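Enquirer: FYI, the numbering for the first sequence is 65 to 350, going by the numbering used here.
These aren't lab readings, by the way, just hints derived from the structure by calculation.
Just so you know, these numbers come straight off a predicted model, no measurement behind them.
We put the beta carbon where it would ideally sit given N, CA and C, even for glycine.
Treat the hints with care, since some could be wrong.
FRET-style restraints, in silico, Cβ to Cβ [as the list claims (entries may be wrong)]:
id, residue 1, residue 2, range
1, N114, S67, 17 to 23 Å
2, G252, G97, 42 to 48 Å
3, K240, G150, 43 to 49 Å
4, D229, K80, 43 to 49 Å
5, E160, K265, 29 to 35 Å
6, G150, Q317, 34 to 40 Å
7, E318, E125, 32 to 38 Å
8, Q317, I95, 40 to 46 Å
Here are the computed lysine-lysine pairs in the DSS-like style, where the Cα-Cα straight-line distance is at most 27 Å [unchecked claim]:
id, residue 1, residue 2
9, K240, K266
10, K130, K226
11, K149, K92
12, K73, K128
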Amino acid sequence: MKSQVIVKKNENLSLKQIAESGQSFRWKEQIDGSFIVTAMNETVQLIEKNNDLIIKGTSEELFKKKWSHYFDLGRNYKKVIAELKGRDQYLDAAIEYGKGIRILNQDLWEIIVTFIISSNNNIPRIKNSIEMLSQKYGSYIKTMNGEDYYSFPRAATLSQVKIQDLRACGLGYRDKYILKTSQMIAEGIIDLKEIKNMSRKKAKKELKKLFGVGNKVADCILLFACEQPAAFPVDTWVKKVLAEYYDFHESKQEKIDAFVEDHFGEFAGIAQQYLFYYIRKTENLK
DNA sequence: GTCCAGGCTCTTT
DNA sequence: AAAGAGCATGGA
Numbered sequence: 065m066k067s068q069v070i071v072k073k074n075e076n077l078s079l080k081q082i083a084e085s086g087q088s089f090r091w092k093e094q095i096d097g098s099f100i101v102t103a104m105n106e107t108v109q110l111i112e113k114n115n116d117l118i119i120k121g122t123s124e125e126l127f128k129k130k131w132s133h134y135f136d137l138g139r140n141y142k143k144v145i146a147e148l149k150g151r152d153q154y155l156d157a158a159i160e161y162g163k164g165i166r167i168l169n170q171d172l173w174e175i176i177v178t179f180i181i182s183s184n185n186n187i188p189r190i191k192n193s194i195e196m197l198s199q200k201y202g203s204y205i206k207t208m209n210g211e212d213y214y215s216f217p218r219a220a221t222l223s224q225v226k227i228q229d230l231r232a233c234g235l236g237y238r239d240k241y242i243l244k245t246s247q248m249i250a251e252g253i254i255d256l257k258e259i260k261n262m263s264r265k266k267a268k269k270e271l272k273k274l275f276g277v278g279n280k281v282a283d284c285i286l287l288f289a290c291e292q293p294a295a296f297p298v299d300t301w302v303k304k305v306l307a308e309y310y311d312f313h314e315s316k317q318e319k320i321d322a323f324v325e326d327h328f329g330e331f332a333g334i335a336q337q338y339l340f341y342y343i344r345k346t347e348n349l350k
């Protein structure tokens, strides 16, 4: 069965920029520049052609149900950018440079695990760990371009895995975080459905009860999986941006929150993605 | 060999 | 409340 969906897009959707923006670790670039993406128990191929986004391997119905939301197509990024522009020169430059970035709406459980793994870690290694977890504990979905793709494993599955088997996925000392957090979710100690309905502040407090989730990871979870565009993750890169370009050196969360809300406003998290992408691109070149 | 990576937990002040 | 140590692992 062959099926695909074609969507009209504008400059505020660049597959390459989204893939390099560090929010998803399961986008695999192909030789022809397309991307094979696994999310929500599906695997699709994404192709950008002029003003079209082609999604191969899904149906019109599944597009409406899942992928449209995944790509945040309900949000007008022109309006977001208009709201963010003119606040300062550095952000303006970052937006101009990374205007094809969008915030993907990803699966909450997958994002929790992914960003626990991300702590004090590097991107290639994060990708590798998630790939191994999926291959070993996910379900086979399909083969595309000669490669097999697997869904992200469920909490109930991971909660039963032996700690040394998790360690074998390259998680390092984070193995115990993943195991304990899986158990907390599987046992219903933390209810993920409830978190999505909470205020940002309350949801963050709840998320931080999970082993391995601190301020930064909680903000990533809120931004990438809970539709909280004001959540502003502060990692080593953003810290550098704040210090060097905003002359902001506080480390207390309370002070950071106040500064971020005042300076970036309701779409602070989206601004953060532009800043993160820009600083890494201009200073790292990796 | 040392340093660092989308930090966190635990301990000590 | 705030600051510091320790943490797995691979790549630069």
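Enquirer: Determine for every hint whether it applies to the structure shown.
Expert: Outcome of the hint check:
Between N114 and S67, the C-beta spacing of about 21 Å keeps the proposed range 17 to 23 Å intact. Evaluation of the 42 to 48 Å hint for G252 and G97 yields a pass: the beta carbon distance comes to about 43 Å. The hinted range of 43 to 49 Å is satisfied by K240 and G150, whose Cβ atoms lie roughly 46 Å apart. Against the hinted window of 43 to 49 Å, the Cβ-Cβ separation of D229 and K80 comes to about 35 Å, which falls outside the hint.
Range check, E160 to K265: about 32 Å between beta-carbon atoms, so the 29 to 35 Å window is met. Hint check: G150 to Q317, Cβ distance near 27 Å, so the stated range 34 to 40 Å is violated. As the Cβ distance of E318 to E125 is approximately 46 Å, the hint placing it in 32 to 38 Å is violated. For the hinted restraint 40 to 46 Å between Q317 and I95, the CB-CB distance of approximately 44 Å keeps it satisfied.
Taken as a hint, the K240 and K266 pair is honoured in the structure, with Cα atoms around 25 Å apart against an allowance of 27 Å. Among the hinted pairs, K130 with K226 is inconsistent with the structure: their alpha-carbon atoms are about 33 Å apart, more than 27 Å. With a C-alpha separation of about 32 Å, the suggested pair K149 and K92 falls outside the 27 Å cut-off, and the hint is violated. This hinted pair checks out: K73 and K128 have alpha carbons roughly 15 Å apart, not beyond 27 Å.
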